[in-house]
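Respectively, the protein sequence lines represent chains A and B. To convert, note that position 417 of the first sequence is 448 in our numbering; the numbers rise steadily by one, no gaps. To convert, note that position 31 of the second sequence is 54 in our numbering; the numbers rise steadily by one, no gaps.
Quick caveat, the hints were computed from the structure, so don't treat them as lab data. We put the beta carbon where it would ideally sit given N, CA and C, even for glycine. Fair warning: there could be bad hints in the mix.
Simulated restraints, written as ranges between beta carbons of each label pair [claimed, not checked]: (1) 148(B) <-> 222(A): 52 to 62 Å; (2) 684(A) <-> 55(B): 30 to 40 Å; (3) 80(B) <-> 603(A): 51 to 61 Å; (4) 80(B) <-> 640(A): 25 to 35 Å; (5) 174(B) <-> 196(A): 50 to 60 Å; (6) 513(A) <-> 138(B): 31 to 41 Å; (7) 576(A) <-> 110(B): 29 to 39 Å; (8) 148(B) <-> 686(A): 31 to 41 Å.
So you can see what is in the structure, the chains are spelled out below.
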Amino acid sequence: MNSPSPFNTASFRQRALAEARYAADIIPQTAILAEVVRCPHPHALVKHIDSRATLAVPGVLAVLTAADFEGTHLGHIHSDEPVLSSVARYVGDGVAAVAARDRQSLMRGIEALRVDYEVLPHAITIDDALASPVAIHDFCADNIADKFQAIRGDWQAVKSRVALWVENTFETAAVPHAYLEPRACLVRVDGNRLELVCGSHAPSMMADSYRPIVAGWGSQLEVVTPAIGGSFGAKWGHPTHLVCLLFAQRLQRDVAMVLSRRDDMIAGRTRAAMRFKMRIGATAEGELVAKETVLWSDNGAYSLHGPAVMKAAAIRGDNLYRFSAVKADAQLIYTNNMPSECFRGFGITQSTFAQEQLIDELAHRLNLDPVKLRLSNIVHEGDTTVHGWKIGSCGIADCLDSISKRISQHRRGKTLPRNERYRTGYGLAAFIHCIGNRGYDTRFDRAFVKLAVLPEGGIRISSGEVELGCGTVEVLTKTVARELAVSRDQLEVVLGNTATGPHGMGSFASRTSFFVAMAAEDACRRFKQGVQRLMVEFAMPNPPILSELIEHARQQQRLGDLEVTGVYQPTGVVVPDESGYGNISAAYTFGAHGCCIQVDTYTGKVTVRQYWAAHDAGTIVNSNGAQGQVIGGVIQGIGFALTECASVAENGQLLNPGYLDNRVPTFADATPVEVLFINTFEKKGPAGAKTIGEPPIIPVAACIANAVHDAVGVRIYRLPITSERLWRAMNDDGSRLEPDDN
Amino acid sequence: MSTGVYLRVNGEEHEIPGQWLGRRLLDYLRHELRLMSVKEGCGEGDCGACTVFVDTEPVCACLLLCGVVADRNITTIEGLPKDFRQSFAQLCEKHGGLQCGFCTPGFTMMSAWLTGGGTETGKDSVNKLMAGNICRCGIYQQLKKVIAELI
Ligand code: FES
Ligand code: FES
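Chain A with its partners taken away, still in its complex shape (with noise of 0.2 Å):
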């Protein structure tokens, strides 16, 4: 090895001082170069590859081909994405590698490879796919990848009760992920050992799925894990990965690849554009009775977790309010377009734009408060939810009795300019979330925590889990230094690390800090087991100095009764079945977010003027970084909401792959957010506390578009809600708006 790993995970004190390392700052100066040949066509067949005039440049020093992954396909779910494809189905699918010593060599070697494309046709919308009589993929003729399906409840006795049904058809966009860091990694070869050094939320399983393959070539692997510039759901398995090993197995050269932003906006993953067409019934007094949903997802070209973010989507929603009986028909559907990936919310942030909207209008034809509407049918503490989740500690009526007093107390501010061009409107949207998911992965669903004591002194504290800028280092040193009372520079802490730490699931479902201070304490305990039983035995005095029996111990070469593994598994959770009913979460967490908003009905230009989000996170324990983790993900959601889309042309390809043209919310656009901590104690946590990572973007994109209703009186059923969108929907329907009255 060149140089030694771990690395010890960067702490937030070395991510303000600009010291952490990403993985493209860890590449050596000596390391080859690879870089990945993408398809220009959104569906072609590879009739040939001529690398004879790359593999002539100087400085190049090898080619790989989909031939040499023959048989080898990526996929947690569904096997389905090839590492380089003989048949590219997407505008970026990799078709071939190279590796050069240097990047002049290897830009000249990509230039010089001739590939023979036979364009075929190609479906890049989910009605086109469905239509279409090509399939995208052999074994699927009909492109449907995945189908789901469930059904709660009486449906006969239930539809007589509905006085009301409101129903529309919404559409939410393709997102990219857009983390700041382009994807990147570096493996290190030693012999048969590779490493591969890259950011990823979910290192162990990551390995795991490559192991098999890596093993194959006669190889090991380890991962690890340097500091990761953002995720959000996206960086975990990847091509580009195997591309890198292969090359290092086969060079016994250490390698590198660095995505272009380019690059990594066509080929990395996004939010799957899902289509809703939803309705829900009430009773005349406003009971929610009914829902039911028909949902089309699209896959892009691959599956990843496209049908578990499906499945999501189709229901999880539901377990908000008590319906009595409820219907999901699901579809994913296989398109040319870039694979789709979780994305914060998993799918429930798409499905939250449909529902909230949906009981928003509900209550405007039922001359119905918005928030009287919600509160009267919500779930409640004691309840078990029509798909079957125990609900534990509820802070949702808080919630949103404080959203509701915000915007009633702002509104009589009247401190916004009222005008004929100027419209102000006021919006409200609900959610909730689970924290982990049992049904995730059905072998296990667990965090490990491991301690040992370093030979140089002090504690290490290991975990499979990452730390993805929310926190994990600082709940983790919290939780041992609290428990252990030592000294925070007594701890060090490597996440990630597959060859040093335990096993880890990753960052998915909102689970990581919950679970891994849960095991912390639980490692603490064994800990603290073993301190006893080396203090009897050494005969030292109770309680002892800690310091002083380490050192004993050391002496007498026990250190080894001082390493101890944490374990949490939540408890009441199960596997859910096929229609995706059971208690999948430990607890679940619930808010209420309002926004008033600004449109400017010249150009239907929306501008969100003040936002409120109220959370029920248990009791909070970080409150600096969960008020941050709110606010990231409100501005992340006004994105999803206003500007971001994967704008894809009918040829295939994507017209806006960097941010200028898909547009982030920058500092211009920061709305102040106000952050409402609704305190509840979840006994099932630690300390009281749930979870906050990817809550506080289910329900902005309801959140605004209810707010753009009030403003205009027009609903917007598609995302983002674009000025020429909005104007479109202002003008068309020829109704003339009336001055601003309230």
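The hints should help you fit chain B with the ligands onto chain A, whose structure is shown.
Leaving out everything else, chain B with the ligands in the frame of chain A:
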């Protein structure tokens, strides 16, 4: 072979080798001088993660070729006064001014520029001056507090 073209980076003089004259300052700083605080988020001038000072002005190092900044003074975070870096980090801790931290170097440079009186800041112009720096984690509000307390 000597080119006679020099760059001063964080106070140190470096002669630029011929093959670097037409290449990006960002790559020179990272690859040759190993100044890893300078990040590449986009390579197109959109994100500000690569911000450095050329003399006293903040610029995107991804948009400049080495030859263009010959004889100029380049400053990266590594060349900022230690106590400024410390107080920036402390304020980030106090206000929760970062998450993944990939944008932090760019914001550190911009904050140093603002506090150094690099420009006249009107009451709300910080928003505009900072609009070239993207934080995908979205914590502008906290960064605003950090900057307000620094100025
Ligand atoms: S990397 Fe230079 S502006 Fe983004
Ligand atoms: S903290 Fe992640 S991009 Fe700013």
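Original post:
Can you list which hints this structure breaks, lowest number first?
Top reply: none
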